[in-house]
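So the sequence lines, in the order shown, correspond to chains V and H.
Be aware that the first sequence starts at 1, since it is given in the working numbering, and climbs by one per residue.
Be aware that the second sequence starts at 1, since it is given in the working numbering, and climbs by one per residue.
Calculated directly from the structure, the hints in this document are not laboratory data.
Any given hint could be a false lead.
[What the hints assert, rightly or not] A short, non-exhaustive set of chain V residues, derived as facing chain H with CB atoms under 10 Å:
1. L8
2. P10
3. E195
4. D204
[What the hints assert, rightly or not] Label pairs and their computed distance ranges (CB to CB):
5. Y162/V with R90/H: 50 to 56 Å
6. V205/V with Q152/H: 23 to 29 Å
7. H166/H with L181/V: 30 to 36 Å
8. L181/V with K149/H: 25 to 31 Å
9. K109/H with G124/V: 33 to 39 Å
10. G165/H with R191/V: 29 to 35 Å
11. R191/V with H215/H: 23 to 29 Å
12. S158/V with R90/H: 58 to 64 Å
13. V205/V with G75/H: 34 to 40 Å
14. L181/V with H215/H: 45 to 51 Å
15. R191/V with G45/H: 36 to 42 Å
For glycine and all other residues, C-beta sits at the position ideal for the given N, C-alpha and C.
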Amino acid sequence: MGAADRRLLPEGRLAGPMPWVIAIMMFLTVLAAAAGLGLGGAASSLGAGLGNRVTVQILEPNPDRREVEAARALDRLRALPEVESVRRLPPDEMAALLEPWLGAGGMEGDLPIPAMIDAQLIPGARADNLSPSVTAAAPSARIDDNGQWLAPLGRLISALKYLALGLVALMIGATAATVVLAARAALDTHRGTIEVLHLMGATDVQVARLFQRRIALDALFGGLVGFGAAALALVLIGQRIGALGSDLLGSANLPATSWLALALLPVLGVGLAMLVARGTILRALGRML
Amino acid sequence: MQAIAPLLSGLRPRAAHAIEAGGRGPERRRVLSTSGTIVQFDNVGLRYGTGAETLSDLSFSLRHGGFYFLTGPSGAGKTSLLKLLYLAQRPSRGLIKLFGEDIVTMPRKRLPGFRRRIGVVFQDFRLVTHLSAFDNVALPLRVGGVDEKDLQGPVSEMLAWVGLGHRASARPATLSGGEQQRVAIARAVIARPELLVADEPTGNVDPEMAKRLLHLFDSLNKLGTTVVVATHDLHLISSIGSFEMLRLDRGTLLDPTGALRHPPRRAEA
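Chain H with its partners taken away, still in its complex shape (with noise of 0.2 Å):
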């Protein structure tokens, strides 16, 4: 398997020193988690119209560099949870802290600057129709101001590894679900983010494959990236070594973990 790092570290290399300080495991863990708290949720609560609350007395922090899952049954609130976290919602009542600064009541034209820093692998793949496959994963780094020249090799390299070089110029209608879901994990993780939100990354792919992307969002973890990702899938649970879980049911937080706690306690593998 081509190694994902240089991929991922060839944009922005910043945070690219972590995977040499940190290594796999709790030693690697205790590198990342130095620089505090990414995430922070304080009572918050969230409604839709006039309804019942979704998501209810959500209080929780993630750490910088922390890998997390977000399980719960279908209707526990998972997804809205995860848009609260990529800026797609804003809560109906409670405290959030993102990167330091509250978003609930920041200035509407301060948000695209802190969206550039997430990256989102959507349930439903919101990939762009009439764009192709390397038009979709070249869209945040468009956004971002990235030049054409710049693009070019990191987008290419990237479709390679998640195993669509071939279909670069192929548009989403023409890709299998499997492929689909594919871009947009690559379009999710290529302006390699601060914070990577992932509903159900892995929901249409084979085993084989879920196996390689979820390498791929560890290997963008080891780079410094916090990961949260929503999923049922217990044995997808299992391939990581090191995580954190956050259990939702019915719009509440359950603690089995111990992640709902300040500091969140490390999950045994």
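Looking at chain V on its own, in the form it has when it is part of the complex (with noise of 0.2 Å):
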């Protein structure tokens, strides 16, 4: 399509609302596609990071038989097909754990602090298969399992996930929704020139044509106002997630994958309006002789 045939309709782009309105879904849908995704990597880290893993206690009071039966307990979940490595936390580790709860020097006194040793399972591998093993070596051993307290929390997640990608169905929806609106109007506007274009010839997707451009233009308009909108909003809640120095929260920010898949969005918006605007350009021309 030349420059003459796009002066077809007049020019004014950014005179009408859609541009705007489209920004703020594109804001909002970046926001929530951000979101999903953020969900997404907190959950997998979680996942892969917790989810997978038992910490056994050896609470036995007395420091010697402690020893024996968590030496035990190491050799048996070693020996253990379900269990890829293992490992028992240092003194100085331990000491890091307690010391919110007991102070420093904690560790130091008479209080009996149980031997903890922090295995990790094969993928697949459930926990309680781990029991009665462990506790033949080990009777004091008491094993937590990671992925049964973590469960509640990743369905929280990932509930938050789905509702994220709802949000940006339905951003979709109302994208398209405006679109078809603005098309209309559109239509209505310019019904005159659409009259002498059909009555010199003009074919329907001729005319689409012209305003598939034009709403592509301002679908274009708005999603890179509201892309950078979001991801401005987006780098600022990132330091200040940063800032808290939180393992769960830090998970959430976006790997440079996430910023490319929201990076399309507005691609997707102005392919999306495109074709929502064909589609009601063409059938309301249908609808004329």
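Both chains come to you apart, so use the hints to assemble them.
Okay, here's the thing in structure tokens:
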């Protein structure tokens, strides 16, 4: 389509509200998609980092027997095929873990502190299967399945992720509806020009192409403004999350691939706007002679 | 006056031979009429909504290369008849054949191809308000897919011929009624249509320009275009040497010159 053909519809591309409505939609869509991707990342990180691990506590109060049971439990765990790796938490890590509750030097008194063994299971292994074997070797052993207590949190994150994706779908629907309304309004505004074009022998596709281009430009403008604003908001939120120092929240930060996926949203928005505009206009023109 | 024929033959030369073969008057008619009927109406009626019929029982045919005036009092149905001719309307009943094909039952997607063969001068001009005079005249060529480089010359020449060469970049709102009418006429003839339909084409121009525009239609007619002009202006009619006349009254055709007969009888100048 040449520049002259493009002039067949008057300029004033950004005069109407549609680009700004699309900008708002894109802003919300990018935020919702970022939330979905971030939560997805957090869920994966949670599952990979903690969900497939068990903590074995040797609760024996007698320090000598506790050491013996801990050594037996370690040997038994290493021998089990479901266990990928196993290690006993060294005293300094234990001290760091307990310091918030016991204070510095809290482990130096007579307080019996359980021995703790961290075991990484192979994917798909069930912690329940370890219990008989480990307790046979170390009767005071208690096995905590991290996956079990993480499950509700995982389900919550998963629900939030799907909610975010649902919001993205709703935004897409609302954007499409906006384009339909804008296309109909444009048709009404330019009905006189369209009639003249038809009577000169213009086909529906020729006429639709004019509107498609105009609406695509509006969608591109709105998409870029909305994406820019959302990206800025996400960067600022990311900085705040980083300042919290939380592992779980930190894992919700977006990797480069997620940013790439978000950057595709304005492009997809333009494509969607063009398709919807074309369909709407061709249907409307089909009702004219 | 600059000759219009070379200008008109510049774009689509397929009918250029007709002017050499024809000349003026009855001889020319004989040459052009050999190609047969371009429009045929059989028992056509047109009704808008549920009202009374605006046009009733119209049966006539137009020869290829003929020059026809359509006259009648206001409200007789002239514009409605022209709308049927330029495919802005389908009839409520009857048969219409255009270029040998039934356009009443023709699928909608085929209509653009037929419309490109028809030039229309609307009574209200229907210029595209945001386009310049140049772009308005170029519209049928652009719709037809003519390259920009191929349309610059003919459009500029056509504008110059209708006396608007200096107003090529003017928007319709800045043109007088007569100037708008000339742009509308230039737009209608620029693609050298096979059928030219004009609704009161000289209503807003002075007598000298009216004659000039009619000369344009006549030149186009010599090149093979069938011309149908709806007008009240009897003086205008008398300025054309050879024509046939269709008279409408209250939606039905009268037959003062035999134009309704098959084949129509030629009017005496």
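Report task. List, from low to high, the hint numbers that the structure doesn't satisfy. Result -> Going through the list in order, the structure violates hints 7, 8, 9, 11 and 15 and respects the others.
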